[in-house]
Amino acid sequence: MHLGATLRLLRVDAGLSLRDLARRIGVSSAYLSRVENGVDAPPTQERLTAIARELDVPPGLLMDVANRVSPYVAGYLEDVPAAGTLMLDIARRKLTGAQLARVRAFLDAEFPLREVRGDEPVPPLAPLLSAERVVVQLSCGDYEDALDVAAGRLASALPGVDAAALAQGLRQREGEAPSQVGNGVSVPYAFVAGAAPVAALVTLARPLKVDAPDGQPLRLVVALVDGHVGRARLMRLAHVARLAGRGLADRLHGAEEPQRVLETLEELEALR
Amino acid sequence: MNPHMLAQLLVQLIVIIGVSRLIGRGARWLGQPLVIAEVVAGIALGPSLLGWLAPDAMRWLFPPESMPFLKMLAEVGLVLFMFLIGLELDPKLLKGRGHASVAISHSSIIVPFGLGAAAGALWLYRTLSSPDVPFSSFVLFMGVSMSITAFPVLARILTERGLMQSKLGAIAIACAAVDDVTAWCILAFVVSLVRASDLAHAGLTTVFALLYIGFMLMLVRPFLARLGARVANREGLTQNVVAITLVLLLASAWTTEYIGIHSLFGAFMFGAVIPKEGGLAAALAEKLEDVAVVLLLPVFFAFSGLRTQLGLLATPEAWLTCGAIILLACLGKFGGSAVAARLTGLRWREAGAIGILMNTRGLMELIVLNLGLDLGVISPTLFTMMVIMALVTTFMTTPFLRLMYSPEEQAREQMVQTPEGPLPPSAYTVLLCVSHGQAGPGMAVLSRALAGERNEANLYALHLLSPDRALKARADGALDPSAASGGALAPLLGRAEKLGLPVRTLSFVSSEPARDICRTAQAKRADLVMLGWHKPLFSQTVLGGTVHEVMQEAGGTVAVLVDRGLSQVRRVLVPFVGSRHDRAALGLARRLVKQAGAEVTVLHVTSPEGAGTGRAQVEELFPADEGAAVKLKVVSHASPEEAALEEAKAGYDLVVVGLGAEWGLEDRLFGVQRERIVRDAPASLLLVRHPEGATVLAQTPEQARAQGTPQDATQPLGARS
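Chains P and Z, in that order, give the protein sequences. Take any residue in the first sequence, note its place counting from 1, add 9, and you have its number in the numbering used here. Take any residue in the second sequence, note its place counting from 1, add 1384, and you have its number in the numbering used here.
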């Protein structure tokens, strides 16, 4: 179970204490703590929506992280059973992400949405990466080494930023809230004043034993750097956690070339 | 208590909790802390509103004979709550916060205390107190009640605004903690003064109180620390442990009550001495918080609301007095802390924000006031005025803070908090770059000498796989890249293990090895990047290809090891003419002297025409007290390269030489000249390059002595020559 770890990461990044968030969504801090530690079952949709509201991220994003079908979808499928058969058809054809993106483009063209949805689109991860910031098949003995390698790549994309300072920043955040979001993925995060958001991705050849919420060894590190505090970066964090839940680490595990990693990622992200 | 009374109490609880939650909704909508709602709910249920609108309903709901039970419940709730406050008080907040918070917290107590005491002495004692209240108690009490800051409310406001981690929040919370402790100590003294019939008794109470504090600090705290270590996790916190803690808490509260300072002080003190490390404090707080804060604390608020009679402020003068008290309170607290904060160097905006935050009195003030009313120090009229003051000062905090310290301002301050602070110093770090296995053992031997017997160095072995090789390894089947890297790193690791040398390995696929070496070196803040030598593909030189690229890009010292069976580092030769590379080479040799007790010979070559300044330079770099291990040879020779080569044949283990034309060593991508010194010297060689722009090694002897090998490894790549 990895939702709890993601919730904690987002909560700490939003600057809320455990008790504070618990109070705001009207649950006991003991319960929230159990959820964060994965001892308790993941929250209901209503609670998840409340949490998303307090953290100011789209509720759908958290539902995805929790692998819950959004209540919209569930309700719609109940009302219009034909839609369910359409879903089955899609499933039978085993459409890939890229193909689904085409279906979506068709939908957008044919049936444009009348009202603008409150949710602004979640910023995708792929544009923040480049082949230059993808490290494949790292093997190292310590998580910190992986952070250093990521920091090295990130620093080349940020003029005037020192890799050692960046590595220090990543480690410092790590101390505040562990960045392991489960499914073999961690999302270390640093803040650099005024920087445009960039990301570095490191796949590990040898899975690392870390203190992950679901006990899975670490296979993928997605390091993010951002120059602004606020909504967008919380959404980015949650988005990576969602990708992790969709098996990002498994899909990238075999990749030997940065270019291949980027392609896989783009395909995964084609449908946001 | 008869069954009817129990029913009465239950109804009261239902109404109290229900109403305060209801008003709480409204308060949240206004962006106010919940405390405000709870206090207002209490006042609304009391004679001020309910008693005024429907006296019968109030009499039915809160008959006078039920008050003692309500009071007891409120007192128990307060004991638990004060314990929680103490639990939240981390001693780390009190120390190490630097000059600013000490100055601010002192002045934020002294100024309002002085103002309150003065107002009490000169004005309020005459108008609002009865002669049977001792003058000194009244004045002291007024002082204390003005200088309270509500630690819990402040903490809540700070977290809600996301300010807890900011500099401002840290200062404010530290000041509030200091204020709380100080105010409670003064209050304990005042209580003992009032309760004691004469001065002798008061003195006795003080002595007992000090004994009690000593007992808590000397005996109870170590015991709790041990208990805390035992039940470090949540599972360890069994009900037995909770029972022990609660019994101790009650005993502590009883002791202080018996001594004559209030039971609340004991509860607070006990909470404060519980160790905050480990999970004990957090787990206890979690268990008790809901009962104390949701169930019992509203009872206290209702109880104090029942005693607040707005009807007593019937005349305009009374309201004027009330206004004057509010003004004084704000002036003392806000002014005192804001001016002090400004004087410590904060900007006006920040200083103002601190002043506003410190002005929050919230429920702590109510606790103090109820104490005063119980003791008979203040009259119900003054009590009502002060409750209004507490409400107003708490209420104004949030909007004023937003006005003074807007989110934009906050964002600006957070922007400053980038991770680019001064980096903590780290141990001497060497990055060993291994491309082929054969260089490994020599590198391990040299690293051993650089690290010394006590392993005073961080060693990282880096092996970069070229993309096609990684693919091939995979295509070959069984091998995954980690195994392939293990192959190249194995000789190094094998030797390192024999030498008892801890080395951390690192390997990944890289299409630009030189850049990745430099990036990794920078992220690791490596003091030295050591490369293994292998025959380059396109040129004859050692210093071509990747080595050249690394040397061009690196921000720190780069050394290439030409290994001719290096198995020990006893005798070291350093040819020296004084370039920055030579100095870097000398710096490394110096480390070898210090860490491995190597014997270093510095060969200074002067041209036959002019006498060099080499001796002076070398003596400067190797002070006399270390001179024993360093021999200086000065020779005069037309070709420094020849001279160095001749000397190198005299049985050295290692020749450490800086790059430079005089040694026939220049790094370029495709060299055509053959580096004779590399080809012909029988010993192993370490070729050292130090980049321009980085701190020149051993610029001053002091610096050299202080830091060993000073160089700016943290310098950004862009700053290289």
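A portion of the hints provided could be inaccurate.
Output of the computed footprint for chain Z on chain P, the stretches with three or more beta carbons under 8 Å from beta carbons of chain Z [said to hold, decoys possible]:
no.: 1; region: 33 to 39
no.: 2; region: 139 to 149
no.: 3; region: 161 to 167
Short derived list, chain Z residues pointing at chain P, Cβ under 7 Å [said to hold, decoys possible]:
no.: 4; residue: E1670
no.: 5; residue: R1838
no.: 6; residue: N1839
no.: 7; residue: E1840
no.: 8; residue: N1842
no.: 9; residue: P1886
no.: 10; residue: R1888
no.: 11; residue: T1889
no.: 12; residue: L1890
no.: 13; residue: F1892
no.: 14; residue: V1893
no.: 15; residue: R1909
No lab work stands behind these hints, which were simulated from the structure alone. The C-beta atom is built at its ideal place from N, Cα and C for all residues, glycine as well.
Cross-check of the supplied hints:
1. 33 to 39: holds (count 3)
2. 139 to 149: holds (count 6)
3. 161 to 167: With 4 residues close enough to chain Z, the hint holds.
4. E1670: 5 Å, holds
5. R1838: 21 Å, violated
6. N1839: 16 Å, violated
7. E1840: Hint violated; E1840/Z Cβ to chain P Cβ min 19 Å, cut 7 Å.
8. N1842: 11 Å, violated
9. P1886: 10 Å, violated
10. R1888: 5 Å, holds
11. T1889: Nearest chain P Cβ about 6 Å off; hint holds.
12. L1890: Status holds, d = 5 Å.
13. F1892: 4 Å, holds
14. V1893: For V1893/Z, the interface hint holds, since the closest Cβ of chain P sits about 5 Å away, which is under 7 Å.
15. R1909: 4 Å, holds
Of the numbered hints stated above, those contradicted by the structure are hints 5, 6, 7, 8, 9, listed in ascending order.
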